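Student: Once you have looked at the hints, place chain U on chain C.
Given next are the chains, with one letter for each unit.
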Amino acid sequence: MRVKLDSEKCQGHNRCYALAPELFDVDDYGTAVLLIDGEIPSELEDKARLAVANCPEYAITIDED
Amino acid sequence: MTIDDVRQHRDWANDLDHADPEYNRNAPEVWEHLRESGCPVAHSDLYGGMWAPVTHELVKEVAYDTDHFSSQGVIVSNARPIIEAPVGPAPPITSDPPFHQIARRLLLPPFAPKQIDPWEKEIRTLCRGLLDEMGEIDEGTTIIDAAVQYAQHIPVNVIARMIGLPTTDDELFRGFVHAVLEAVDLPAEERIAAIEPLAEYLDAKVAEHQANPRDNLLDYLLNVEIEGNKLSSEHVRGSVLLLLIAGIDTTWSAIGSSLWHLGTHADDLARLVAEPDLMPFAIEEFLRAYAPVTMARLVKEDYDFHGCPMKANDWVLLPFPAANRDPEEFEDANEVILDRKENRHSAFGLGIHRCLGSNLARLELRVAVEEFIARFPSFELAGDMTWSVGQVRGPRVMPFRVLKVNPAHTGS
Numbered sequence: 029m030r031v032k033l034d035s036e037k038c039q040g041h042n043r044c045y046a047l048a049p050e051l052f053d054v055d056d057y058g059t060a061v062l063l064i065d066g067e068i069p070s071e072l073e074d075k076a077r078l079a080v081a082n083c084p085e086y087a088i089t090i091d092e093d
Numbered sequence: 167m168t169i170d171d172v173r174q175h176r177d178w179a180n181d182l183d184h185a186d187p188e189y190n191r192n193a194p195e196v197w198e199h200l201r202e203s204g205c206p207v208a209h210s211d212l213y214g215g216m217w218a219p220v221t222h223e224l225v226k227e228v229a230y231d232t233d234h235f236s237s238q239g240v241i242v243s244n245a246r247p248i249i250e251a252p253v254g255p256a257p258p259i260t261s262d263p264p265f266h267q268i269a270r271r272l273l274l275p276p277f278a279p280k281q282i283d284p285w286e287k288e289i290r291t292l293c294r295g296l297l298d299e300m301g302e303i304d305e306g307t308t309i310i311d312a313a314v315q316y317a318q319h320i321p322v323n324v325i326a327r328m329i330g331l332p333t334t335d336d337e338l339f340r341g342f343v344h345a346v347l348e349a350v351d352l353p354a355e356e357r358i359a360a361i362e363p364l365a366e367y368l369d370a371k372v373a374e375h376q377a378n379p380r381d382n383l384l385d386y387l388l389n390v391e392i393e394g395n396k397l398s399s400e401h402v403r404g405s406v407l408l409l410l411i412a413g414i415d416t417t418w419s420a421i422g423s424s425l426w427h428l429g430t431h432a433d434d435l436a437r438l439v440a441e442p443d444l445m446p447f448a449i450e451e452f453l454r455a456y457a458p459v460t461m462a463r464l465v466k467e468d469y470d471f472h473g474c475p476m477k478a479n480d481w482v483l484l485p486f487p488a489a490n491r492d493p494e495e496f497e498d499a500n501e502v503i504l505d506r507k508e509n510r511h512s513a514f515g516l517g518i519h520r521c522l523g524s525n526l527a528r529l530e531l532r533v534a535v536e537e538f539i540a541r542f543p544s545f546e547l548a549g550d551m552t553w554s555v556g557q558v559r560g561p562r563v564m565p566f567r568v569l570k571v572n573p574a575h576t577g578s
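Respectively, the protein sequence lines represent chains C and U. Just so we're aligned: 66 in this note's numbering is position 38 of the first sequence, and the numbers increase by one with no gaps anywhere. Just so we're aligned: 386 in this note's numbering is position 220 of the second sequence, and the numbers increase by one with no gaps anywhere.
One chain only, chain C, in its complex shape:
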């Protein structure tokens, strides 16, 4: 599984950072930053799905292999 973050869509709601801090950080402006640019460790897959399901701007998507 891979996670994609569309920075153009992100408005800084910070839901991903709250729910999956292993996968997302936020910069000084509150914009999300993806921490893992490759394959997501299997133990973090649920958290990745949670981040997708709670982004109000639909800025996060998942590529299932």
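There may be inaccurate statements among the hints.
As the list claims (entries may be wrong) - Think about it this way: if two alpha-carbon atoms lie no more than 35 Å apart in a straight line, the pair counts; the simulated DSBU-like pairs of lysine-lysine are: (1) U:K477 <-> U:K466; (2) U:K507 <-> U:K287; (3) U:K466 <-> U:K396; (4) U:K371 <-> U:K396; (5) U:K396 <-> C:K37; (6) U:K396 <-> U:K287; (7) C:K37 <-> U:K477; (8) U:K280 <-> U:K396; (9) C:K32 <-> C:K75; (10) C:K37 <-> U:K287; (11) C:K37 <-> C:K75; (12) C:K37 <-> U:K466; (13) U:K507 <-> U:K570; (14) U:K287 <-> C:K75; (15) C:K37 <-> U:K507; (16) C:K75 <-> U:K280; (17) C:K32 <-> U:K280; (18) U:K371 <-> U:K280; (19) U:K570 <-> U:K287; (20) U:K507 <-> C:K32; (21) C:K75 <-> U:K507; (22) U:K287 <-> U:K371; (23) U:K507 <-> U:K280; (24) C:K37 <-> U:K280.
Because the hints were derived from the structure by calculation, they are not lab data. For clarity, every value in this text was computed on a predicted model and none was experimentally measured.
Tutor: What follows is chain U alone, placed relative to chain C:
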């Protein structure tokens, strides 16, 4: 009111008035009635013309469309803003692109999560102090007011400290909030006059801080620069006005509505007390179901919006709380599900104007609910409550009978 009474009360589809006290009292029923009657965009001739989409899809469309809709006015009233786009009277909430982003980027860093998190301890101490001030509580007998004695004091104290305004002026600030957000149906001239004392107060405070610099948000705004230039005094005053007004009764309402839910749903209260791990999800669910803030836009030029003939300078209400109850976007939208795992609610708006203070609001809401139920693990609504009037929706009077006090939860 039953949904039938709501239907009978007024013609919501063609004569909507969000300042009718029955609107906030029965808002979920009004939105459901509008959606069921096939009217996704309500209209009114009040306020010089007003529209109100009630589905998630249409609210989102307006929020994203800065070409046709301006933010220079965000509170519907009979007046129109005096300071025009792109800055507007309270930047950045009243600013349009491209100036909006410049004004917003100045204020984003102080409200980013890592700057806000350290306030948790102070907020917790404040909440415990308010609970202590309620005095001796007899289980099953004592009635407290969770809006008047608790919720209304929390955000005003925190934002005053952040900005650098005296917390002892809190009663005055609540008066300003009432003038700006609730007294919206006055004639234009009376409304402008009613807001004048707020502008005078802020001008005096800005002058005080200029003469005697301190280390807080007001001073930050006085010193920060855009391309080598300090902000105009109108910009500083407008941003302080925004932080003060937007930071008070919004979160006060969210705290009140969340506690109202718990005071009227004993099963959910017991579950949340027993399963504290639910709290992060429960807070988001309260924000979804009881989102306090409806925003507004002004139509820039005559525009046909899905068959609605909008005229230049018409208002468009943006009821994010209605979007949050849209069954097309949320499963069991009218049910409060404490552990809802899929929750793309828009309590803090959508698009470029996402609430700047959302991290602070979430922190205050979570700590306020945690501390209240830690002190009072069982309570129930014990009388008539009063809801606010206008674009911010929340309890203003809310008597609770305390059924259980936790003796181990002590004050500050």
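Student: Against this structure, judge whether each hint is valid.
Tutor: Results for each hint:
1. U:K477 <-> U:K466: Satisfied, since the Cα-Cα distance of roughly 8 Å is no more than 35 Å.
2. U:K507 <-> U:K287: holds, 28 Å
3. U:K466 <-> U:K396: With Cα atoms ~30 Å apart, K466 of chain U and K396 of chain U stay inside 35 Å; holds.
4. U:K371 <-> U:K396: Holds. K371 of chain U to K396 of chain U sits at ~18 Å (cutoff 35 Å).
5. U:K396 <-> C:K37: Holds: K396 of chain U and K37 of chain C sit about 30 Å apart, inside 35 Å.
6. U:K396 <-> U:K287: Given that 35 Å is the threshold and the Cα spacing comes to 34 Å, the pair holds.
7. C:K37 <-> U:K477: Since the Cα atoms of K37 of chain C and K477 of chain U sit roughly 29 Å apart, the hinted pair holds (cutoff 35 Å).
8. U:K280 <-> U:K396: Judged against 35 Å, a Cα distance of about 26 Å means the pair holds.
9. C:K32 <-> C:K75: Since the Cα atoms of K32 of chain C and K75 of chain C sit roughly 14 Å apart, the hinted pair holds (cutoff 35 Å).
10. C:K37 <-> U:K287: holds, 33 Å
11. C:K37 <-> C:K75: holds, 20 Å
12. C:K37 <-> U:K466: Distance of about 24 Å is within 35 Å: holds.
13. U:K507 <-> U:K570: holds, 30 Å
14. U:K287 <-> C:K75: holds, 28 Å
15. C:K37 <-> U:K507: holds, 21 Å
16. C:K75 <-> U:K280: Holds - the C-alpha atoms of K280 of chain U and K75 of chain C are around 21 Å apart, at most 35 Å.
17. C:K32 <-> U:K280: holds, 24 Å
18. U:K371 <-> U:K280: holds, 28 Å
19. U:K570 <-> U:K287: It holds: about 25 Å lies between the C-alpha atoms, which stays within 35 Å.
20. U:K507 <-> C:K32: Given that 35 Å is the threshold and the Cα spacing comes to 20 Å, the pair holds.
21. C:K75 <-> U:K507: Between K75 of chain C and K507 of chain U the Cα gap is close to 11 Å, so the pair holds against 35 Å.
22. U:K287 <-> U:K371: Satisfied, since the Cα-Cα distance of roughly 27 Å is no more than 35 Å.
23. U:K507 <-> U:K280: At roughly 25 Å apart (the allowed maximum being 35 Å), K280 of chain U and K507 of chain U satisfy the hint.
24. C:K37 <-> U:K280: holds, 22 Å
Going through the hint list in order, the structure satisfies each hint without exception.
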